[in-house]
Amino acid sequence: MLGKVFFAVLAVVGMSLVSFLGFSSFILEMITQILILGLFAVSLNILVGYTGMVSFGHSAFYGIGAYTVGIILKSTSLSIPTAMAIALVFSGLAAAIIGFFCTRLTAIYFAMLTLAFSQVVYAIVTKLESLTGGYQGLIGGIPKPPIELFFFSWDIRTVSGFYIFTVFTVILCLLCINVLLNSPFGCILKAIKENSERTSYVGINVRGFQITAFIVSGSFAGVSGALMALYISGAYPDFIFWTTSAEPIFMILIGGASTFLGPVIGAMFLFLLTSYLSAYTQFWGLVVGGAIVCFTVLLKKGLTEIIVRSRWYHSWGGFLKSRFYGFVKSR
Amino acid sequence: MNIIAILNCFTNPSCLIMVLVNTLILTMLLFIIASGLSLIFGTLQIMNFAHGSLYMLASYLTYTAIRLGIGFGGALIFVLIAMGLFGYFLERSLIRRVYGDSLFYQLLMTYGLVLVLDDLVKIIWGSEYLAVAIPQAFDKQPIFFMGSVTPIYSIFIIAVGLVVAIILWAFFQRTSLGKKVMALSEDQEMLQALGINVPAMYSFVFALGTCLAGLGGILSVPLTSAYPGMGFNIIIYSFIVVVIGGLGDIRGAFAGAFLLGLVKSLSVIGFRDYEELAPFALMAIVLMVRPEGIFGKKH
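Residue numbers (this note's numbering), protein chains in the order written: chain A, 1 to 331; chain B, 1001 to 1299.
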């Protein structure tokens, strides 16, 4: 636990220092987006990789987080951390309601019902035009007041300011998720994934834990949506459309579901691939789709698993492994 | 929600007939497409996201076939054969590799195929709407009955839907091959032990499902035109239909298609604002009351 906090602080400081090295703002913006998408994918992986529930409606919470932050900052004078906390609570509440119904079902029915609920949220958001701007989305920019700390105010309107803010928030969330998943709570989730029937025979309330996992997962997805809304200074119905739900699933597939940070690697890979391809061709879906089909046929374990299992990792990564094994590979 | 408008419509024969015809057209189109999806899920245990894209592909092929001048009837036969072959090769080359894998990989592989097919269609046919005229044989005076107007083509679609339903029913109940397919969803090991070529049966079922998606595409292209992304909506609706009706059950697909068609055509009259929401609300309600669907088996 202490080692993890130490590692997280080290990561925040190290990654923040990167912004002073004089990289172009293009690279910082890229890392910012990868981190936000990575958090989205890791939050979904609590369900997919740990509890064994394939949710196909995670865009609902991502969108709710984004719209909550956008609407609060546009219409009130609350600070950004407060708005983000409210976004976390709101998406958590939505996850509690949706999770309550969805966890009654299993496997494909669960996936389909989460998909249906995300489309319900989509329809509601596009209907509430006075609040959300309907199909147009929240346009006109979200005000970003500087964050007041003890002595100085932190301007997140600059690229590097927002980058550091994202690094801090995302790593804090990842730390929370990691601690939670390595606690007895996380062990019970894994037990449910392995065999939910036996888990219930031990006397564990399986459905209660599934709903809790759903709420935790939805809350952090809300945080990533909130960050994305701040980053692009707007929230759009596309955030909630069901095709958005497929993206974190790709990231988990590419990165590997059985490693904690795998989905972040997947987010990086997918983001770089799509942004590189869309610079050359509008048909990036062809390549990405082809890559996904190849992954499902050839590389079922994902990239991270292959690296972790490889000979190179075992011979050269000895030090890294002994120091960070618990963080990189949590199972 | 405007209940008075719906009640008013029910007391007015012309409006009632219009709702009925609209419901039936939607029912038949959804049934034809969703029965393919349901068949594939029932036997192969694969949730095929690419089903909507196969429907789209068939619409585009129909457009090309008609442009080549072989007529609507010719296009029908040509596209059905092409889709059957395409489905066969798809199953042999890719789908076969994810049998028995977790749901996660199956959903992803078929979603990857959606992206690939969508872009392939854009590359080959471009991104514009491609309109197909109503075939000449049906481009006649519509039927006027008690103040309502019904195009002949609508009646043709309803008739085809009924014929498909009867053929599928007869196939599964009366033919030996159909019974083997039904048995496949029960116990494929036993079937293999009886000396039946199970992998070939899988290919056949997938090809049949693809043909059904194709038939839906052919029939609806004169009404909707062909455009990229047309599969996105239809796949969601097909999911709703099979989930409402019970996965893997053809009768369920029909019942689900009818319920969804009814809700869609009523929403146009009574609750237009919630037209997009209504199908999902229907699905959520059915799943909460009966999680296995109307005709589904407890599992």
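Take the hints with a grain of salt, since some may be wrong.
Taking beta-carbon pairs under 8 Å as the criterion, some of the chain A residues facing chain B (in silico) [said to hold, decoys possible]: (1) Ala96; (2) Phe100; (3) Tyr109; (4) Phe117; (5) Phe185; (6) Cys187; (7) Lys190.
Derived DMTMM-like pairs (lysine to aspartate or glutamate); straight-line CA-CA distance at most 20 Å [unchecked claim]: (8) A:Lys193 to B:Glu1276; (9) A:Lys127 to A:Glu29; (10) A:Lys127 to B:Asp1139.
Please keep in mind that the hints were generated in silico from the structure rather than gathered at the bench. Ideal Cβ positions, reconstructed from N, Cα and C, are used throughout, including at glycine.
Here is how each hint holds up against the structure:
1. A hinted interface residue such as A:Ala96 counts as satisfied when its beta carbon comes closer than 8 Å to some beta carbon of chain B; here the least separation is about 16 Å, so the hint is violated.
2. A hinted interface residue such as A:Phe100 counts as satisfied when its beta carbon comes closer than 8 Å to some beta carbon of chain B; here the least separation is about 10 Å, so the hint is violated.
3. Among the interface hints, the one on A:Tyr109 holds; its C-beta lies about 6 Å from the nearest C-beta in chain B, closer than the 8 Å criterion.
4. The beta carbon of A:Phe117 is positioned within 8 Å of a beta carbon in chain B (closest approach about 7 Å), and the interface hint is therefore held.
5. Interface restraint check for A:Phe185: the shortest CB-CB distance to chain B comes to about 22 Å, outside 8 Å, so the restraint is violated.
6. For A:Cys187, the interface hint is violated, the least distance from its beta-carbon to any beta-carbon of chain B being 21 Å, above 8 Å.
7. With a least beta-carbon distance of about 15 Å to chain B, the hint placing A:Lys190 at the interface is violated under the 8 Å criterion.
8. A distance of roughly 34 Å separates the Cα atoms of A:Lys193 and B:Glu1276; the hinted pair therefore is violated under the 20 Å criterion.
9. Between A:Lys127 and A:Glu29, the direct Cα distance comes to roughly 32 Å. Violation of the 20 Å bound is thereby established for this hinted pair.
10. For the suggested pair A:Lys127 and B:Asp1139, the alpha carbons sit about 38 Å apart, so the restraint of at most 20 Å is broken.
In the structure shown, a violation is registered for the earlier hints numbered 1, 2, 5, 6, 7, 8, 9 and 10, in ascending order.
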